[in-house]
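Trainee: Sequence:
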Amino acid sequence: MQPIHSLVEQSYRPKEMLTAEVNADGFGIGWYLEDGTARRYINPAPIWSDPNLVQLAPILQSKVWLGNVRSATVAGSITSVNTPPYGVGRLLFSHNGFINDFAAKVRPTIRRYLAPEIEANIHGNTDSEYLFAVIRQMLPEHDDDVIKTLGPLFEQIYEWIGNEVGLFNFLILDG
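Counting the sequence shown from 1 gives a position; this note's numbering is that position plus 6.
Take the hints with a grain of salt, since some may be wrong.
Taking lysine to aspartate or glutamate pairs in the EDC-like style, the calculated list, with each CA pair at most 16 Å apart, reads [to be verified]:
1) K111 / E170
2) K69 / D107
3) K154 / D180
4) K111 / E165
5) K69 / D180
6) K69 / D41
Label pairs and their in silico Cβ distance ranges [stated by the list, open to error]:
7) D150 / D41: 12 to 20 Å
8) E40 / E125: 29 to 37 Å
9) L156 / H129: 18 to 26 Å
10) V60 / E165: 39 to 47 Å
11) V87 / W54: 16 to 24 Å
12) P122 / E27: 21 to 29 Å
13) G82 / E40: 34 to 42 Å
14) E170 / E27: 22 to 30 Å
15) Q162 / A109: 12 to 20 Å
16) V87 / V60: 23 to 31 Å
17) K111 / V28: 24 to 32 Å
18) S12 / P146: 31 to 39 Å
19) T115 / E40: 39 to 47 Å
No lab work stands behind these hints, which were simulated from the structure alone. No residue lacks a Cβ here, since even glycine has one placed at the ideal position from N, Cα and C.
Take these sequences, add in the hints, and give me the full structure.
Mentor: Have a look at this one:
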């Protein structure tokens, strides 16, 4: 909670953010227990308003962390289910970015692409969670190797969005 440019500071004083003033639409932290189990703590409220985080932070321990603060790009998407990081199995995922016209143009195509068992683990409506689902579906085709999956992932994304604008900054952990 005290590092230079901490998540708290990034929420109200982002240094590199170009499209908004603050990251006040939620935050999340992902980590791994000693046995490799992924865990998350998410809150759709601003990080500075969470009274529990100050109490939890000192007692949580992990060798690997994923943290983010959120500035939602779609009105009405500020809910717990839309707050990253997302987690399924040993994977934790966060996406800082957007896809223009995602709900109308891209999400229907992704839904047709996804296997029912992958889509069943989608609980929100963000481009981020759908991209995470696509990654999970592609992983077995690429030896469950995240790095090997990224090239084909971006080829697939380009096929879906063409020249539409998108920004893709991913954080993916696999334990």
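Trainee: With reference to the structure, classify each hint as holding or not holding.
Mentor: Here is how each hint holds up against the structure:
Pair hint K111 plus E170 holds up; C-alpha atoms about 10 Å apart against a cutoff of 16 Å. Proximity of K69 to D107 is assessed by CA-CA distance (about 38 Å); at most 16 Å being required, the pair is judged violated. With a C-alpha separation of about 13 Å, the suggested pair K154 and D180 falls inside the 16 Å cut-off, and the hint holds. Between K111 and E165 the CA atoms are separated by roughly 12 Å; this keeps the pair inside 16 Å, and the hint holds.
For the hint pairing K69 with D180, the CA-to-CA distance comes to about 13 Å; that is within 16 Å, so the pair holds. Only pairs whose Cα atoms come within 16 Å are accepted, and K69 paired with D41 is accepted, the gap being roughly 12 Å. Range check, D150 to D41: Cβ separation about 19 Å, and the 12 to 20 Å hint holds. For E40 and E125, the Cβ-Cβ distance of about 32 Å falls inside the hinted range of 29 to 37 Å, so the restraint holds.
Distance hint check: the CB atoms of L156 and H129 are about 24 Å apart, consistent with the given range 18 to 26 Å. Range check, V60 to E165: about 45 Å between beta-carbon atoms, so the 39 to 47 Å window is met. Taking 16 to 24 Å as the suggested C-beta distance range, the pair V87 and W54 conforms, at roughly 22 Å. Between P122 and E27 the beta carbon distance is about 40 Å. The supplied range of 21 to 29 Å is therefore violated.
About 39 Å separates the C-beta atoms of G82 and E40, a value consistent with the hinted range of 34 to 42 Å. Checked against the hint of 22 to 30 Å, the pair E170 and E27 passes, with Cβ atoms roughly 25 Å apart. Look at Q162 against A109: about 19 Å separates their beta carbons, and that is inside 12 to 20 Å. At about 24 Å, the beta-carbon gap between V87 and V60 stays in the expected band of 23 to 31 Å.
The hinted window of 24 to 32 Å between K111 and V28 holds, with their beta carbons roughly 28 Å apart. A hinted range of 31 to 39 Å holds for the C-beta pair S12 and P146, which are about 37 Å apart. Against the hinted window of 39 to 47 Å, the Cβ-Cβ separation of T115 and E40 comes to about 40 Å, which satisfies the hint.
When each numbered hint is compared with the structure, violations occur for hints 2 and 12.
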